[in-house]
Amino acid sequence: MLIAVLSGFIVACIVPLIFKLNRKVAGALLSILPLSLFIFYLQFLPNVLAGEKILTTFYWIPSLKINLNFMIDGLNLLFALIISGIGFVVYLYASAYLAKSEKIVPFYIYISIFMASMLGVVTCNNTLALFVFWELTSISSFLLIGFNHEQERSRYAALQSLLVTAGGGLALLASVIIIGQIAGTYEISQMSAFHSNLINNALYPSILILFLIGTFTKSAQFPFHFWLPNAMEAPTPVSAYLHSATMVKAGVFLMIKFLPILGGTELWMWLLGGFGGWTMLMASTMALKQTDLKRLLAYSTVSVLGTLTMLIGLGGEKAISAMIIYLFAHSLYKGALFLTAGIIDHETGTRDIRNISGLRKYLPITALIGVLAALSGMGIIPFIGFIGKEMLYETALLSGQYSTLFITISVISAVNIFAVMAYSGILPFFGEYKSPSEHVHEAPFQMTSGPVAFALLGLVSGLFAGSTVDGLTNKALQSIFPSASHHLALFHGFNLPLLLSALTIVVGLIFVLNRKSLVEFIEKIRIPEYFFPSKWYDYIFNGTLSFAEIQTKFLQNGHLRYYIFTILALFILLVGGSFFGFNTSGSILNAFAISIERSIAGIDIYDISMLITVLIASVFALLSQGRLSAIASMGIVGALISLIYIIYGAPDLAMTQLSIETLSVILFVLVLYKLPRFFTYSKLKTRIRDLVIALAFGSIFTMIIIFVSAYGKFDTGLSEYFAQTSYLIGHGKNIVNVILVDFRGFDTMGEITVLSIAAVGVYSLLRLRKQGGEQ
Amino acid sequence: MEFVLAIIVGILATSAFYLMLRRSLVKVILGMVFLGNAVNLTIFSVARVTKGLAAFIPENASTLEGTYADPLPQALILTAIVIGFGTQAFAIALFRKAFQKVGDDDLDKMNSTDIMCNEDIPGDK
Amino acid sequence: MRSIILRTMTMYLLPLLLIFSVFLLFRGHNHPGGGFVGGLVASAAYSLYLLGFGIDKVKTIFRLQPIKVLAFGLFLAASSTVFPILFGKPLMTGVWYEHKLPIVGSLGTPTVFDTGVYFTVLGVTLNIIFTLFEDKE
Amino acid sequence: MNSILAMPVVFPLFIGIIMLFFWKHRSIQRIINALGSTITLVLAIYLTWYVKTSGIQCLYIGAWKAPFGIIFTADLLTMTMILVSAIIGFATSIYSLGTMDETREHFGYYPLLQIMIMGINGSFMTGDLFNMFVWFEVLLISSFSLVALGGKRSQLEGAIKYVILNLLSSSLFVVGVGILYGITGGLNMADLARKIPMLPNKGIVNVMAMFFLVSFGIKAAIFPLFFWLPASYHTPPAAVSAIFAGMLTKVGVYALFRVFTLIFVTDVAFTHTIIIIIAMLTMLSGVLGAASQMEFRRILSFHIISQIGYMILGLGLMTPLGIAGGVFYIFHHIIVKTNLFFVSGVVNELKGTYLLKKLGGVLKLYPLLGLLFLIPALSLGGVPPLSGFWAKYTVAVAAVEKGEYLALAVSLFVGLLTLFSMIKIWNEVFWKEQKAEFAAEQQTLRQLPKFKIAMMFAPIIFLAAITLFIGLNPEPFLNYANEAAHQLLNPSIYINAVLGGAQ
Amino acid sequence: MSFLDICLYISLPLIILSVLISLFRLIAGPDIADRIVALDTMTSIGIAFMAAFGVYMKKTMALDVALILALISFLGTVSFAYYLERRNLQ
Amino acid sequence: MNRLMVNIMFAFIWMFLQGNMHLYAFFEGFFLGFIFLFITRKSTEPTPYFTRFFKVIWFILYFIKEIIVSNLKVAYDVATPGYFMKPAILAIPLDCKTDLEITLFANMITMTPGTWSIDVSDDRKTLYIHAMYVDDVDTFIKDLKNGLERKLLEVMR
Amino acid sequence: MNTILEIIAGVLIVSGSIFIFLTAIGLVKMPDLYTRVSVTTKASTLGVGLVIVGTAVFFHDLAVYSRSILIVIFVFMTSPVSSHMIGRAGYLDGAVLWEKTKANHLEGQYDLKNKSLKNYYENKE
Ligand code: NA
Ligand code: NA
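Protein chains in written order, with the numbering used here: chain A, 9 to 783; chain B, 4 to 128; chain C, 22 to 158; chain D, 3 to 505; chain E, 552 to 641; chain F, 939 to 1095; chain G, 9 to 133.
Bear in mind the hints are in silico, worked out from the structure with no lab data behind them.
Computed from a predicted model, the values in this text were never measured in an experiment.
Glycine included, C-beta positions come from ideal geometry on N, C-alpha and C.
A few of these clues could be false.
[Said to hold, decoys possible] Short, incomplete list of chain E residues facing chain C, as computed with Cβ under 7 Å:
#1 M608
#2 M612
#3 D615
#4 I623
#5 L626
#6 Y633
[Unchecked claim] Using 20 Å as the maximum straight-line C-alpha spacing, the simulated PhoX-like pairs for lysine-lysine come out as follows:
#7 E:K609 x B:K54
#8 G:K108 x F:K1024
#9 D:K204 x A:K721
#10 F:K1080 x F:K1035
#11 F:K1024 x G:K37
So here's chain A without its partners, still in its complex pose (with noise of 0.2 Å):
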């Protein structure tokens, strides 16, 4: 099971060998793939029927409870089967449809991941092994979308659609996180077993929302729906594939498989019923306006998910049921759709279906194909949609005391995607032939057998629902409701459902026939733009981008003293106070007493003196407009400071002072001849500003040295040991010399390395430019 969600991956490496191999074939060959999967998932078909679920373990990241373990039941197998086999289709299709394009080895590699990493999602687990694959199909489509990347659209629309599915993924996995903690574990399996421990927790509605963020951004929901009519810009085996009938239903797919964990709520019911209704009913009106064939059934595919989790909202058995069979339909019906969109696409040239009509002169095989989907897709029986939208009823009916609201908008919406199929499936290939290219012929086999098949696949599914479908879509409801079972048929009799799906006919036969004024009806409904939820991405996009622009520009305005500034400012606040923050017995005024009572007895001439030295020499220091001056002032601090080192016991640091201080003059006086004098550039408010941040810098220092020297030391033993070691082992009787040879003789090692580097740094900073390198 591993083996076969890795192979994916393991295929997409060697895509570009098998295309240096040999062009021609590379795609037919690569269909193998999955073709082969949906023959490894078949094999299971027999033992789920038989009502098991089959589970594999592989120990991955086991300290983080990160595994692959794999499970198929009724739910997890029908997906694969969904992924394997229009994948298999859509590995056909391509490798005719792109055989001209420089790109086709990039696309099968995308392809490729993708396909392992939704099989990934749909079998899994493990929802943070789940999570991985969720993230890779985001990637992957990202790829996809992007396909051509030289336009500006396509970069605008992968970007959008990766920032919102891995946006929602994100909150998807911020609330798996979460239910980790509270279950205490990540297997999907075990999940339900704390139902009520995650529903009546007080994080609950946070976790609520922030799975449906996730699933609602891959499923199209609104408001994040918008992402997914741009998504068009990939090329149409993608839009067939990921954007219709199988990443887009990850989403739902999730909602499923955690009803049994996180639903069964007022607000669930509310969330889903009422985000999934009102993206249905918006999805499907928005659909009829559509004039670019692929957009068109982009909304309706919006439509169609927003109908899948209104269902999954409702709950209970009927829904889900429901949610199935439609899920199925919708799966096959728009597969083929998208695939013939994409012949017509590639035949006339054109997308635009006011442009064209009556091909089926020429392409007879596609139009059959797109007739059957379209009315599988408008509900008309035999086909399986018919099946799926009488459930939707049904259950729309039963759906307790909002029932009323629920059929009407199922209703209005199924008469909107009535249309829309007749648009996209039916009405290009009638009337008078139109097309703007000349070239029109049939599609090669690869390209229609898989429609063909999906279209067929579609009436014998509905024709013969009961000995078909029935076996795994009853065991897919099971893995949800252990106990409960559904009889698919045709035919229920005549009872209200039927006669609501009648005058969807009727109604939806009306619009066909009059989309010219009913466009112009719905174009006139002028809503303000900032209701549409693609400006608000766009709002938000440009919005934080923008606050990123200004908080940048104000952080890093290139201004060193105001980096200094925040830098002092943040010391100040912190040290400072934490300083004054803290209340242990001896506060600080208790040290100022001790210090300065010990202190005054010390202090003499020389203190004095040289505190009043310092004090002028620094004043002049800043306050003079002569380079020399400020130097001379800097030498005089220097030489005091080796005075203080004379008088307090430390020769070796007065002489290295003296010397150092000496040699820094130099170095001054050597750069500094040339320039001219200070300007003062500040105005006095700012140096005043300035000064009294210094000051409480200098302030908080000096507070520091009289609260520690008023405490002590708490332990002098390093310089006793010195003291009695220097000689005896170390040699020498200068014990700071003997320190900086040989007890920390290795701080004296980085310390002349660091001199090295310096002058070495200096030689070539100077020298570099001579040498060439630049003018």
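Following the hints, position chains B, C, D, E, F and G with the ligands against chain A.
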């Protein structure tokens, strides 16, 4: 004693940062020299300060007894001074080079890497 | 600088300062001084010569490339730190020659180390000063 | 024979010195440098294995027992850093062979590189706080030289900010060490860890903690102390940027990890809460910075900041998973970030610019480079199953465990923005077609010498392979990180290893 | 208090006072050369102070520092003069 | 002064530095001096060296007297209000020939307070000095030449 | 014996200090650069000399003698050179002479372009 030293450190640190907040690069580097001094003196002050008694073992003894200035902070400061000198020397050379390139020691004319980050910086090629 | 007075005095100060620098180096272990100050004094001597006579003249009396001098110093110091490993002792353990030597006093790896410091400081300072001095434009 | 512990420090030093003797002999330096880096890598791998199997190791330099002399201590955190530094050093050395210009090679590029690695390794190895300052300075001064080497205007202007702000940080560091000595009378970190809980006045400990937070914070480029990084990292040649991006800030992060798990653990409620707040702000601020940039390396630079936030968040959480996540994050990040800078350098070699608006069409010409960009870029963006995802995930789970839901939200949001800016680069550099007016500078890969191409791509592939390997097989790395976290959260292990061995 | 102590209590403050007075010239200038003269004088005074302070503390170590000061300060002065001359000669 | 003398001088200085008067310290110093003279070797004009011991002593005493006298003179001027001085910048024609002679002469002038050497002309024939107490220019120059310069040259030659 | 040495040392140190003090006063009081340079020589000759000799007398120790002699030698070797260097630089920098200065033989002797100084007497003829 520490009290006076503490105030001296305060003065030095204040001057250091006042200088570092200027627009002239030379002043900033001078500020760093001041800061270095303040830092060293701080380390000196917070250790045991004893007037006049350096940590030398007398001629005729092999260990040092009684009170003496703590030698360890002295060694630390020595290291810090020397390192400070190295970095200072580099800073000075850097300043010189920058001055040659920009023709001014005004830091406000040296912020192209932050402000013109989306352009080619003139003088780079 | 063009000054007979400075130049003449420098001629006498140079060896004086150099000898003083070595004195500081070797007494450092027991008295104030050490490799660092010694190296600085030595480089001060050459710097003085540089100021008096200019860069070309100073290169005739200091023939080595300063970078090589500092590399030598570093090498000396670094070698003295790994030397004890040959005796199975941890890095930088002091290894001493038992007898006192003329000029140097007691000889041990720390003394060698300090000598390394001396040369490094000399090389470093001269390298920096020479470079800055030559970089006129 | 623990002296081998010092080899990651001493060996690069000797290589550096030897290369100084061969000043101006470019080809000899190239050979010595590449060879030396390889040996260092082997050494680091051996040492890591050794420490992993035999526990914390100490080297008492000069045979002075702790806490009197300087000691080198290697626990698992140390070895993580040493290993990754050796990997990056090796990769950079190879990459330099392909990309470094002759002029810079003539002016000490390789010695500077080796000494910087010495400083980096020293900072990781040392068990002594002041000695750490010294190593910091060693690496800083080398990095100062490297960042300015070449003397372009942008380099100089960037270097000024880099140098001054880092020196400011060092000053605070050394003062902090001095004051800590004044209070406790110790410099050895284990000794400090032992003494600080016994101090009569604990209030000052928090003051010192903040002192070090600000100082190391500047080095680690946390909010709002990161200014030097975006000002300078995009100015030197790509090889230099790459090793800077990988290693330098991480030294600061390492220092924060060390002191805030060993020394300043007396008032975690105060200190580590502040760290968490800063971590979140760092993540946000950095990623917003990246979102607003349109220069390849500057985007990457801002991302360093934002990623530091994650690492620090792990530290702030102070739970086993948090610390482990932080350690794992450091390891992953260094490799990925270095690699991205490598890629940017190759793009620059090919197209002569780093500006996104001038770039484009790289994917069509060099699809392999596209793949090699995507691996680290998506890893940085936290796309599973690449290494970055596990890192982010671990930290995120740790945040949830601790109940820091805001941190979780921030970390996920920042993850998304990170992905966004990586995709921005991808869109602009690889997908977009280059505008005709900018295509003039471009050269094709075929015109470059074969050797150069090999030296450019080999390290990129090497690091990408590591990223993939970690991503697909994170278990051993996570186990290692957990063990490291265990050591860090139980300072007594460290203290006993250092002080116990001497008595 | 011995005679020597009295002498030192006179001379040390006198020397310090001299430093402060010289500082005035350093600040007042007016020219750079005047400041350099002041600086040079201050270093000379510094040498004397160290010697006298050594007597005061009964320690000879200050003399070592004084020796360094004598050597090194000369270099400083010469380089200042160098600076001044360069400025005017170019 | 020839090189040997300088070398011996070094040996003594080393002895002083070492603070002991043993013979071996002398040899150490001699040895080191040799090395440094070798390192810093450069041709200085070799002049025959005679130990004019008494002359030197006399000269030093004379010089110290000059220093004290002029010091007091200047000190008096400083300590009292107002100025007594009549300063001038003067050109002194030089009889000193060698670098050492000129330098010593110039330095001695400087060391006596009230006068200091500003510069030596490029042809080394004129020393420009600043003097504080110049009653008459020619007399002052003559006194200086006859006093300090003549005595110095006597010692040196 | 000790007391006599101490008294001598005390007297020497005090008188040295007085000279130093007067130097400082002179430095402030004197009207132009040239006279200031003249005055400051006192600090380095008699001032420092006397204090150092006093110190040597006080310690009465060979090591101190040798060091004192060295200091004196250094000071005597270097300080006149310093004065010469500063003064000359000051003159070239255009330091103004006191208005009561009697004569200025240097006037017009410097050739700044060729960095040379002419012979005053040669010029006259
Ligand atoms: Na008077
Ligand atoms: Na005089």
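Hint by hint, here is what the structure shows:
About 14 Å separates the beta-carbon of M608 of chain E from the nearest beta-carbon of chain C, more than 7 Å, and the hint is not met. With 7 Å as the threshold, the beta carbon of M612 of chain E comes within range of chain C, its nearest partner Cβ sitting at about 6 Å, so the hint holds. Interface restraint check for D615 of chain E: the shortest CB-CB distance to chain C comes to about 5 Å, inside 7 Å, so the restraint holds. For I623 of chain E, the suggested interface contact is upheld, since its CB lies about 6 Å from the closest CB of chain C, less than 7 Å.
A distance limit of 7 Å between C-beta atoms decides the matter here; for L626 of chain E the minimum to chain C is near 5 Å, and the interface restraint holds. Look at Y633 of chain E: its Cβ gets to within about 5 Å of chain C, closer than 7 Å, so that hint holds up. For the suggested pair K609 of chain E and K54 of chain B, the alpha carbons sit about 12 Å apart, so the restraint of at most 20 Å is met. For the hint pairing K108 of chain G with K1024 of chain F, the CA-to-CA distance comes to about 7 Å; that is within 20 Å, so the pair holds.
Distance hint between K204 of chain D and K721 of chain A is fulfilled; the C-alpha atoms sit about 13 Å from each other, no more than 20 Å. A hinted pair counts as satisfied when its Cα atoms are at most 20 Å apart, and K1080 of chain F with K1035 of chain F qualifies at roughly 18 Å. Note on K1024 of chain F and K37 of chain G: the hinted pairing holds, with a Cα-Cα distance of about 15 Å set against a maximum of 20 Å.
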